[in-house]
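Student: From first to last, the protein sequence lines are chains E and H. Quick note: the first sequence uses our numbering, first residue 683, plus one each step. Quick note: the second sequence uses our numbering, first residue 4, plus one each step.
Quick caveat, the hints were computed from the structure, so don't treat them as lab data. Wrong hints could be hidden among the right ones.
[Said to hold, decoys possible] Dumping the calculated BS3-like pairs for lysine-lysine here, alpha-carbon to alpha-carbon at most 27 angstroms:
# : chain 1 : residue 1 : chain 2 : residue 2
1 : E       : Lys909    : H       : Lys184
2 : E       : Lys872    : H       : Lys271
3 : H       : Lys83     : E       : Lys872
4 : E       : Lys858    : E       : Lys839
5 : E       : Lys742    : E       : Lys793
6 : E       : Lys972    : E       : Lys839
7 : E       : Lys821    : E       : Lys793
8 : E       : Lys972    : E       : Lys821
9 : E       : Lys793    : E       : Lys858
[Unchecked claim] Distance ranges between label pairs, derived from CB positions:
#  : chain 1 : residue 1 : chain 2 : residue 2 : range
10 : E       : Thr703    : H       : Glu257    : 40 to 46 angstroms
11 : H       : Pro267    : E       : Arg915    : 30 to 36 angstroms
12 : H       : Glu257    : E       : Arg799    : 39 to 45 angstroms
13 : H       : Ser167    : E       : Gly960    : 42 to 48 angstroms
14 : E       : Tyr971    : H       : Glu257    : 27 to 33 angstroms
15 : E       : Asp900    : H       : Gly182    : 24 to 30 angstroms
16 : H       : Gly182    : E       : Ala932    : 40 to 46 angstroms
17 : E       : Tyr973    : H       : Gly154    : 54 to 60 angstroms
18 : E       : Asp900    : H       : Gly29     : 34 to 40 angstroms
19 : E       : Tyr971    : H       : Glu213    : 52 to 58 angstroms
Quick caveat: nothing in here was measured; it's all calculated off a predicted structure. Yeah, the Cβ is synthetic: ideal placement off N, Cα and C, and Gly gets one too.
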Amino acid sequence: MSSKPKNSPAIQTVGIVGAGTMGAGIAQVCAQSGCRVVLYDIEQAFVDRGETRILDFLEKGKAKGKVSDADIDRVRDNLSTTVDLEGLAEAELVIEAAPENMDLKRELFIKLERLVRAETILASNTSSLSITAIGGATKTPQRVAGLHFFNPVPLMKLVEVIQGQRTSPETLQTLKAFAESLGKTPVIAKDTPGFIVNRVARPFYGEALRLLGENANDAATIDTVLKEAGGFRMGPFELMDLIGIDVNYAVTCSVYEAYFHEPRYRPHPIQRRMVEAGLLGRKTGEGFYKYE
Amino acid sequence: MSNILLCGDPADPLHDLLVRRCEDAGHHVSFYIHPKRQEFAPFDTSEYVEDIMQNLEELEGELDLSFSRKYLPEPFKPEKSYYDVVMAYEMDPYEEVSHTFRDYLLRKTKLGFDGVILLPCYAMTVTLAASQNPEYASRIVGYSAMGLYTGQTTVELAVSDATSDAALRSARRYFESLGLKTILVGDTPGLILPRTLAMLVNEAASALMEDVASPEDIDTAMRLGTNYPVGPLAWADQVGIDVLRQVLYHLFSEYGEDRYRPMPLLSKLVRLDKLGVKTGEGFYKYPEEIPEVSAKNTAPEQTV
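Between the sequences and the hints, there should be enough to build the whole structure, so can you do that?
Tutor: Take a look at the structure:
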């Protein structure tokens with residue numbers, strides 16, 4: 683099969699489903715790059731909050747001299763919002779960033795498939811659910827793929843383009859070119875639990891937790907060694923505190939379940955204990971470290 | 004200034020780095036090269052032949068010298084009456100001679116009053132090394148210098164219950180004299196960085212084996228998606244795939260847990276001598292960097 687996209691026109695209108703942190707971030711980078719963006723959520727309050735989030739982010743960037751007035755005007759011009767899914771009918775690409783719930787996503791994709799044009803690509807920003815399972819709910823799984831952005835979207839360069847079991851090569855190539863047009867660096871991965879980053883990073887946390895559990899080193903020593911001898915920007919315990927120990931634990935559990943309890947991905951009792959204690963990291967003021 | 008005896012593979016990138024830093028610090032450096040690495044020796048070893056034949060005769064009665072005579076077991080002539088630091092920096096990949104080799108080396112070498120034996124803890128704990136060499140147990144300090152392969156300057160140190168305070172002090176002083184910071188860590192299998200890196204590489208290798216993505220995309224994803232300083236596969240090539248595989252085997256045997264089993268892809272690469280930068284190919288190819296000595300090993304299989 684040809685690796686070249688089959689004469690796919692550049693994407694001009696993008697629909698975004700979900701105006702949370704990820705949805706708003708994706709809407710912002712699309713609008714900044716010159717696409718028309720329709721941001722959808724189920725309630726006006728949610729889309730308003732998403733829009734405010736985008737403009738606040740840009741204002742902060744302006745204060746730091748990284749964003750110009752022209753950038754802000756372009757985003758304002760390109761961005762519109764809706765609480766009606768029909769508002770996405772004209773999009774050439776829809777990116778879904780709804781909550782991580784398979785039933786919800788499958789239902790959404792079935793609805794979207796009916797209202798958009800036949801050639802419109804339907805992408806999910808899921809980080810933990812199967813693209814194959816989402817696509818499997820539709821009649822046209824060849825145009826369903828993953829487009830996994832990283833938080834914070836405007837700053838993180840990486841986008842994982844995920845190929846479901848039935849995703850077509852054309853869909854993948856179009857999404858790859860689209861990610862490049864946003865100034866991102868796309869990588870292509872087959873639809874497997876955790877894709878690349880959330881899978882390959884598991885041992886960074888898993889081994890650190892086991893080392894801590896063996897009680898031969900404290901968290902600060904493990905972090906210091908990995909930063910100073912390893913060159914990692916942050917140690918695993920600092921990073922878990924930043925991400926949220928609950929969030930990290932949930933990702934670990936999801937990969938572990940998806941691989942039928944492969945022992946490499948097994949969560950550690952310390953994680954669960956921290957979550958049970960309500961010590962979730964920076965957001966609660968205490969995790970592996972204390973934050974005043 | 005101290006007398007330093009370095010024991011390892013001259014093709015290992017750590018070799019040049021240690022020699023340079025030792026010389027900068029004004030230390031006197033001697034070398035001991037593993038018999039099976041003889042052919043890679045960066046200097047002419049013929050002048051030692053006489054000395055070696057004598058040693059062989061002395062030793063043959065008491066030790067099983069299973070390695071071939073054509074590989075001279077001792078290019079190192081103990082130039083100094085004593086050494087302050089005996090530092091092995093290669094984990095011995097040839098298990099059949101490893102124990103004999105270490106025992107032999109230590110017997111032939113006299114240590115100074117505060118002398119220390121530094122052993123790499125990639126595939127053994129300090130406690131294990133101490134139990135294998137009880138006469139020297141108080142002198143043995145374990146270390147990991149894995150960070151040095153990617154330009155870091157911090158070394159992990161570990162001690163057994165038998166290690167003397169003087170030996171640990173000597174180890175710290177030695178590394179500090181080379182401009183390297185030390186951090187004392189617990190004596191657990193694979194210490195901290197080797198264990199973490201080996202498991203990251205194993206996971207990346209498993210994703211590669213399953214064809215989830217290309218090696219380049221796996222490395223790019225880890226650098227840009229989670230800020231790793233080097234992608235795990237390129238990192239493995241720097242450190243040596245053989246070394247990381249040994250770390251995994253060690254973890255696997257110490258913990259008896261499935262999670263540590265090395266991926267078959269790692270074993271395959273090791274058997275093909277695709278160990279990384281040091282042999283010119285690992286997960287990636289390094290055409291310009293093939294050193295002369297290994298070029299002859301890889302010459303028959305022409306690569307594109």
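Student: All hints are to be evaluated individually against the structure, with a verdict given for each.
Tutor: Here is what the structure says about each hint:
1. As the CA atoms of E:Lys909 and H:Lys184 are separated by approximately 13 angstroms, the hinted pair is consistent with the 27 angstroms bound.
2. A hinted pair counts as satisfied when its Cα atoms are at most 27 angstroms apart, and E:Lys872 with H:Lys271 qualifies at roughly 23 angstroms.
3. A C-alpha spacing of about 59 angstroms is found between H:Lys83 and E:Lys872, which places the hinted pair above 27 angstroms, so the restraint is violated.
4. Only pairs whose Cα atoms come within 27 angstroms are accepted, and E:Lys858 paired with E:Lys839 is accepted, the gap being roughly 13 angstroms.
5. At roughly 37 angstroms between alpha-carbon atoms, E:Lys742 and E:Lys793 are farther apart than 27 angstroms, so this suggested pair is violated.
6. Between the alpha carbons of E:Lys972 and E:Lys839 the distance comes to roughly 30 angstroms, so the proposed pair goes past 27 angstroms and is violated.
7. For the suggested pair E:Lys821 and E:Lys793, the alpha carbons sit about 11 angstroms apart, so the restraint of at most 27 angstroms is met.
8. The suggested pairing of E:Lys972 with E:Lys821 is violated, with an alpha-carbon distance near 51 angstroms, which exceeds 27 angstroms.
9. With a C-alpha separation of about 25 angstroms, the suggested pairing of E:Lys793 with E:Lys858 holds against the 27 angstroms cut-off.
10. Distance hint check: the CB atoms of E:Thr703 and H:Glu257 are about 42 angstroms apart, consistent with the given range 40 to 46 angstroms.
11. Roughly 32 angstroms separates the CB atoms of H:Pro267 and E:Arg915, a value that falls within the hinted 30 to 36 angstroms.
12. Restraint check, H:Glu257 to E:Arg799: a C-beta distance of roughly 59 angstroms breaks the suggested window 39 to 45 angstroms.
13. Distance hint for H:Ser167 and E:Gly960: a CB-CB separation of about 46 angstroms, consistent with the stated range 42 to 48 angstroms.
14. Between E:Tyr971 and H:Glu257 the Cβ separation comes to about 29 angstroms, which falls inside the hinted range of 27 to 33 angstroms.
15. Restraint check, E:Asp900 to H:Gly182: a C-beta distance of roughly 27 angstroms satisfies the suggested window 24 to 30 angstroms.
16. Between H:Gly182 and E:Ala932 the beta carbon distance is about 43 angstroms. The supplied range of 40 to 46 angstroms therefore holds.
17. The hint said 54 to 60 angstroms for the Cβ distance between E:Tyr973 and H:Gly154, and at roughly 31 angstroms that hint is violated.
18. Between E:Asp900 and H:Gly29 the beta carbons are some 36 angstroms apart, a value that agrees with the proposed interval 34 to 40 angstroms.
19. The given range of 52 to 58 angstroms is broken by E:Tyr971 and H:Glu213, whose C-beta atoms sit roughly 36 angstroms from each other.
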